[in-house]
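**Q** Letter by letter, the chains look like this.
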Amino acid sequence: MEITIKKIPITLLEPGTDDDLAIVELVGNIDGSTASKVQAQVLPIAETNSRVILDMTQVPYMSSAGLRMLLSVYRQVLAKEGQVVLVGLAEELQDTMSVTGFLDFFTTCATIDEGCTALSVKVQVLS
Amino acid sequence: MERIDIHPTHTYEGFKLRRGKPFPFGATIVPGGVNFSIFSSHAKSCALVLFKKGMPEPMGEIPFPDEFRIGNVFSMTVFDLDYENIEYGYRMDGPFDPKAGHWFDPQKILMDPYAKVIGGRDVWGVTPDWSDIYHHRSRISLDDFDWEDDRPLEIAPEDLIVYEMHVRSFTKHESSGVKHPGTFAGIRQKIDYLKDLGVNCVELMPVYEFDEFENSRPNPQTGELLVNYWGYSTVGFFAPKAGYAATGKLGMQVDEFKTLVKELHKNGIEVMLDVVFNHTAEGNEHGPYISFRGIDNKTYYMLTPEGYYYNFSGCGNTLNCNNPIVRNIVLDCLRYWAAEYHIDGFRFDLASILGRDPWGAPLANPPLLETLAFDPILAKCKLIAEAWDAGGLYQVGSFPAFGRWAEWNGKYRDGIRKFLKGEPGSAGDMAQCLQGSPNLYEWSGRAPATSINFITAHDGFTLADLVSYNDKHNEANGENNNDGSNDNDSWNCGAEGWTDNPGINALRQRQMRNAMAMLFLSQGVPMILMGDEVGRSQNGNNNTYCHDNELNWLNWNLLQTNASLFRFVKHCIHFRHAHPVLRNHWHFQNRDYANSGYADITWHGKQAWNADWSSDNTLAFMLCGKHAKGGTVEDNFLYVAMNMHWETNWFEIPSLPAGMQWHVSINTGASAPEDCWEIGKEPILDNQQGILLGDRSLVVLVGK
Chain A
1 MEITIKKIPI
11 TLLEPGTDDD
21 LAIVELVGNI
31 DGSTASKVQA
41 QVLPIAETNS
51 RVILDMTQVP
61 YMSSAGLRML
71 LSVYRQVLAK
81 EGQVVLVGLA
91 EELQDTMSVT
101 GFLDFFTTCA
111 TIDEGCTALS
121 VKVQVLS
Chain B
1001 MERIDIHPTH
1011 TYEGFKLRRG
1021 KPFPFGATIV
1031 PGGVNFSIFS
1041 SHAKSCALVL
1051 FKKGMPEPMG
1061 EIPFPDEFRI
1071 GNVFSMTVFD
1081 LDYENIEYGY
1091 RMDGPFDPKA
1101 GHWFDPQKIL
1111 MDPYAKVIGG
1121 RDVWGVTPDW
1131 SDIYHHRSRI
1141 SLDDFDWEDD
1151 RPLEIAPEDL
1161 IVYEMHVRSF
1171 TKHESSGVKH
1181 PGTFAGIRQK
1191 IDYLKDLGVN
1201 CVELMPVYEF
1211 DEFENSRPNP
1221 QTGELLVNYW
1231 GYSTVGFFAP
1241 KAGYAATGKL
1251 GMQVDEFKTL
1261 VKELHKNGIE
1271 VMLDVVFNHT
1281 AEGNEHGPYI
1291 SFRGIDNKTY
1301 YMLTPEGYYY
1311 NFSGCGNTLN
1321 CNNPIVRNIV
1331 LDCLRYWAAE
1341 YHIDGFRFDL
1351 ASILGRDPWG
1361 APLANPPLLE
1371 TLAFDPILAK
1381 CKLIAEAWDA
1391 GGLYQVGSFP
1401 AFGRWAEWNG
1411 KYRDGIRKFL
1421 KGEPGSAGDM
1431 AQCLQGSPNL
1441 YEWSGRAPAT
1451 SINFITAHDG
1461 FTLADLVSYN
1471 DKHNEANGEN
1481 NNDGSNDNDS
1491 WNCGAEGWTD
1501 NPGINALRQR
1511 QMRNAMAMLF
1521 LSQGVPMILM
1531 GDEVGRSQNG
1541 NNNTYCHDNE
1551 LNWLNWNLLQ
1561 TNASLFRFVK
1571 HCIHFRHAHP
1581 VLRNHWHFQN
1591 RDYANSGYAD
1601 ITWHGKQAWN
1611 ADWSSDNTLA
1621 FMLCGKHAKG
1631 GTVEDNFLYV
1641 AMNMHWETNW
1651 FEIPSLPAGM
1661 QWHVSINTGA
1671 SAPEDCWEIG
1681 KEPILDNQQG
1691 ILLGDRSLVV
1701 LVGK
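If you read the protein sequences in the order shown, they are chains A and B. Per the numbering used here, numbering through the first sequence is continuous, rising by one, with the last residue being 127. Per the numbering used here, numbering through the second sequence is continuous, rising by one, with the last residue being 1704.
Take these hints with a grain of salt, some might be off.
[Stated by the list, open to error] Below, simulated DSSO-like cross-link-like pairs (lysine-lysine); rule was C-alpha separation at most 30 Å, straight line:
#1 1704/B / 1681/B
#2 37/A / 1053/B
#3 1044/B / 1099/B
#4 1626/B / 1681/B
#5 80/A / 1266/B
#6 1249/B / 37/A
#7 37/A / 1052/B
#8 1249/B / 1052/B
#9 1108/B / 1249/B
#10 1016/B / 37/A
The set of hints was computed from the structure by calculation and includes no laboratory data. No experiment lies behind these values; they were computed from the predicted model shown.
Based on the provided sequences and hints, a complete structural model is requested.
**A** The structure is reproduced here in structure tokens:
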């Protein structure tokens, strides 16, 4: 399965909020063959935004390489004292991440709205 | 500036290659590719065999060009590998001449002895495809775990309380209620239990990759499959057992196990590994080719002059631990677990083998033991020897220690068991046991914590069985009850096995409490066996190495059934934590060096100040709190009286300094809940001059 990565355009609704939030939607399996592609596209976003929401709703499976990519993003964002929120993790994926320790690093939410609340921002998603 | 070794220099059937680096051995991720390096002193040629994960046939096979061999090491970098999804092995050609020690067979694909991840038994108990040409498959590990602030805890040895456990047995039983029974993740879910119990170190029975199907066979009685359940038979020394990980099927056992270690550390619990370097899973002349046999048989194994395998391990072969090459692999292995997995200590199975020379003779100063003792990476690790082997070498008290090595104290186990059942003439040995066995260790300047004190361990009876069986009952092992030790020093309290006799059952409960109290009141390092805190039974089987069933699994319902025993054991553990006078770094001096008017330890009998060493089954002692930890901290006075006689006995109690009174902490002669009292809330003893001890019971008083 091909993976697609889409940065979702948003408007920040709260005046005075730093313009540093990115919402990224991932679609497809993330494994050894796709992780490097995802990383190449997501890391630059993480470099310019200190708050990142990764929408995982349409990611059915992640291998070890995929989880490592997530932690790389986390470390990038943390270096700027930012925060990463994962949204819509499939139950099995969440369990794998829990057992292998990756989950400990992330805030997880069911929806993008909840993710925004967790990051204390109000946004409007533009389509 | 860009490195120039990121570019291939050779190609072979589409693979891009470059001369590799001999060090480190194994498969290492380097820029652009993977560096493969393997040693063989007798191979004429070597090829790297690559598989796509799980595929029956190789995706390619790359002979090492001659110019890629330096000395006896073949090394090569292969570029552009999807290293998450490949498996690799080696094919080696060389002499086949068993009399000369050589077993090369170019038909075989061999696992890398340095493999950090091993596939092929990814999920516990899934029957392997026996036609597979390559069973235990080397995989590549990233070794990039995010430890954050973690490091080994370095708890002082004398402050340790060790819980010996089997990864699968701990949570496999459905009563455990964990999400992933029988796994590292399962243990993680039960950390609160371990904390509540109060242990601060778990000693895990083997977690190196092993093959549960080794020597598997049906139980002649039930037809159930008997397996290599305990795992004392290593396939790969650098890889955690995939079948112990909920994520083994995803190949993520490394992350899962490291996460467990990190979480245990966060909760103040050390992790010790039971490591088996004495032999491997390749067995004797009739065993399989897994790795060493086909790579460099003569180097890795001890061989008779006729080329047969020496069997000091009782398991078919013996690793040639004092060959310099093998020494290095053992050192590399332990360094790897200490550095990469943050392991706090190692218990070496049949460690006396590690002190034999390549022809089997015991060495005075074994180089391997010395190397490990002085290694900078292992400098803070606990090194613990099972100081005997199956070849008759017994070194409890004399294991070559180099100032570092501690010992599983088999003499402690025997001494306590004999006193516990009231055996004539056992009081003198018992006194040594209580003091950290100075008779074994003080003469050579070894501290009390040299002695790992245990009454039960995985080998032998559980505590409940120790007080319920006179003899072993190992029929379920399918060896006509010939396996397992016959010297158990056990006593069934009046009936063999299960009984509904209330008197016998009450006595068994008391004896278990007596044993636990003796263990936690002894100087040295106490170790308990998983489940003994709730009276786990193996139905009299003292060698359950082959059972993947309830004989080994911890039944968590026992927490309710034996709630009062659990409460008592917990009390003993917390009592030990609360009283530094039980955890001295140095041996007692039998004198008053803290100006308290009392010696650090004094011995008593039925009369105070008058120890009766001719008595077989009564003994009492007092510890002066001013001498706790060598007089560096202040503690209460403790008085312990033990009446292992079948009748009640009156014990006169030594008097305390003015203003202090004796309080009752433990009385195993009293029924629960009055068998122990919450720390700090101990009732004052009515009669400060003496106490009546019930038959086969023990009392602990706190003077404050």
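**Q** Determine for every hint whether it applies to the structure shown.
**A** Right, here's what the structure says about each hint:
1. 1704/B / 1681/B: 12 Å, holds
2. 37/A / 1053/B: Answer holds: residue 37/A to residue 1053/B is near 21 Å, not above 30 Å.
3. 1044/B / 1099/B: Answer holds: residue 1044/B to residue 1099/B is near 18 Å, not above 30 Å.
4. 1626/B / 1681/B: 21 Å, holds
5. 80/A / 1266/B: Since the Cα atoms of residue 80/A and residue 1266/B sit roughly 26 Å apart, the hinted pair holds (cutoff 30 Å).
6. 1249/B / 37/A: Roughly 25 Å separates the two Cα atoms, so the pair holds.
7. 37/A / 1052/B: Between residue 37/A and residue 1052/B the Cα gap is close to 21 Å, so the pair holds against 30 Å.
8. 1249/B / 1052/B: 15 Å, holds
9. 1108/B / 1249/B: The given pair, whose Cα atoms are some 25 Å apart, holds under the 30 Å limit.
10. 1016/B / 37/A: Judged against 30 Å, a Cα distance of about 22 Å means the pair holds.
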